[in-house]
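What follows is the residue order along each chain.
There are 2 protein chains.
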Amino acid sequence: MVSLQTINSIPLITSDADLAAEIWDAAGKTQVSFKDGDIVVVAQKVVSKAEGCYCRLGRTEISERAVQTARETGKTPEFVEAVLSESVEVVRSVPGVLIVEHRLGHITANAGIDRSNIDAAVGDEDVVLLLPEDPDRSAMLLRERLEAYSGRRIGVIIADSCGRPWRLGTVGTAIGIAGPPALVKKRGALDLFGRPLHNTEICFSDAVAAAAVLIMGEADEGTPVVVARGLDWRDTEQTAKTILRPRSEDLFR
Amino acid sequence: MVSLQTINSIPLITSDADLAAEIWDAAGKTQVSFKDGDIVVVAQKVVSKAEGCYCRLGRTEISERAVQTARETGKTPEFVEAVLSESVEVVRSVPGVLIVEHRLGHITANAGIDRSNIDAAVGDEDVVLLLPEDPDRSAMLLRERLEAYSGRRIGVIIADSCGRPWRLGTVGTAIGIAGPPALVKKRGALDLFGRPLHNTEICFSDAVAAAAVLIMGEADEGTPVVVARGLDWRDTEQTAKTILRPRSEDLFR
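These protein sequence lines are chains A and B, in that order. Residue numbers for the first sequence follow the numbering used here, beginning at 1 and rising by one. Residue numbers for the second sequence follow the numbering used here, beginning at 1001 and rising by one.
FYI, nobody ran anything at the bench for these hints, they're computed from the structure. We put the CB at the ideal spot given by N, CA and C, even for glycine. Keep in mind that the hints are not guaranteed to be accurate.
Pairs of lysine-lysine, DSS-like flavour, derived with a Cα cap of 27 Å [claimed, not checked]: (1) B:Lys1185 to A:Lys75; (2) A:Lys185 to B:Lys1075; (3) B:Lys1035 to B:Lys1185; (4) A:Lys35 to A:Lys75; (5) B:Lys1185 to B:Lys1241; (6) A:Lys35 to A:Lys185.
Sample of chain B residues lacking proximity to chain A, with all beta carbon distances greater than 12 Å (derived) [claimed, not checked]: (7) Met1001; (8) Ala1026; (9) Ser1063; (10) Ser1150.
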């Protein structure tokens, strides 16, 4: 059986927070004890907050491109400038929608920049939250700390909600991975009748992220950490970058 | 806590199988007792098998369009003809890849047509498995039967693996829904600081399908049914069609 359990009582995370320590403390308080093979799924938002990935809009010069894209999308030039500075390419810009390739390689709306639940002590109307600088590294560091605290073999996935081109609503995806596989290749596996299965690769970490984000809630529940237990996985060197489809295979840009 | 449990011991499903009865029997044998609010996630493949959604390739005339698309993709004209007959539009066709809008509205490779794990008694090399005729209806009928057997309020999701344009690997998605919400609208919800959250809608059923398909396995495990327990949901009239992004909002076709 696979279980997914939120770690409750995680306090508001500030820029000087020790996120691993906060997770460990909250797990103790809510009687969640880690076991070998647990995957700790952490919302991108609290990782970004702990790393102080804030940006005050309007502090940098606004490019002509940002002005033009702001006109196309109806977003403010200051916000668009922040999005562009986090991006390597604008994929689509139409009224109300700005989809980019983030510098990390993810195709995402508004470069994953977020204005909700930003710490009132740090933020004001002009402060936004960016994705972590290097979420795979953030996951690796969290993993090391949680393994040291617990003495258990732990995996860490940093999850962010992401839209889809042909389906409404967001689902969680993995933007940082330490331990669990990004992709599980079933290539070469045999079906029930012994025929080889071609091209079957499951995105393990995205599926775990999707389930975890569902039970985190996105509004006022404030439960940004979920422990997934009972999944069958072995350590890999794969990261969230493993999931990115190579540009040469991209048919939809 | 949310749990996901496979129902083991489901036999090979044939065209005359009573799928609801098989699920109920297997649940009894493996000591899975349904509870109010359980969501039973069923792999598309066994639903299609139980409904006899087989197609023998080469039985119909092959259109000029199929011949041309076969040339573009390197697939056989017979297979392409079957894909086209299940589709309303070819979205992309390049060597090795044929992405269509299925008549049900899903954008999917090869119209979801599958050659793996096809019942040896029915299939041969030329027989393929199509998606169910109306998976929302299949889900509704399964739900009625499982609720009657168990006396519990059950939700049913029919799940299929689907690729993504910018991310490698497949994840489970919901192609049939009876009971649980397709989308959970958080529009109007307040964040932790009381500011409204805009445009936040989670695709509940896709997230449940993603988690369930992950633990079903896709190769020789043969566990096509998963019970998801502990999720917070209320009955809706939404179906898998609710998830489809309207063509007018589609930026990627």
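We went through each hint and held it up to the structure:
1. Distance hint between Lys1185 (chain B) and Lys75 (chain A) is fulfilled; the C-alpha atoms sit about 23 Å from each other, no more than 27 Å.
2. The straight-line distance between the Cα atoms of Lys185 (chain A) and Lys1075 (chain B) is roughly 23 Å, inside the 27 Å bound, and the hint therefore holds.
3. The suggested pairing of Lys1035 (chain B) with Lys1185 (chain B) holds, with an alpha-carbon distance near 26 Å, which does not exceed 27 Å.
4. For the suggested pair Lys35 (chain A) and Lys75 (chain A), the alpha carbons sit about 46 Å apart, so the restraint of at most 27 Å is broken.
5. A threshold of 27 Å between alpha carbons decides the hint, and for Lys1185 (chain B) with Lys1241 (chain B) the separation of about 16 Å falls inside it, so the pair holds.
6. For the suggested pair Lys35 (chain A) and Lys185 (chain A), the alpha carbons sit about 26 Å apart, so the restraint of at most 27 Å is met.
7. The claim that Met1001 (chain B) is not at the interface with chain A is violated, since a C-beta of that chain comes within 12 Å of its own (minimum 5 Å).
8. Interface exclusion of Ala1026 (chain B) from chain A stands, the closest Cβ pair being 16 Å apart, more than 12 Å.
9. Remark: the non-interface label on Ser1063 (chain B) is consistent with the geometry, its nearest Cβ contact in chain A lying 23 Å away (cut-off 12 Å).
10. Every CB of chain A is more than 12 Å from the CB of Ser1150 (chain B) (nearest about 19 Å), matching its label as outside the interface.
Of the hints listed earlier, those the structure fails to meet are numbers 4 and 7, in rising order.
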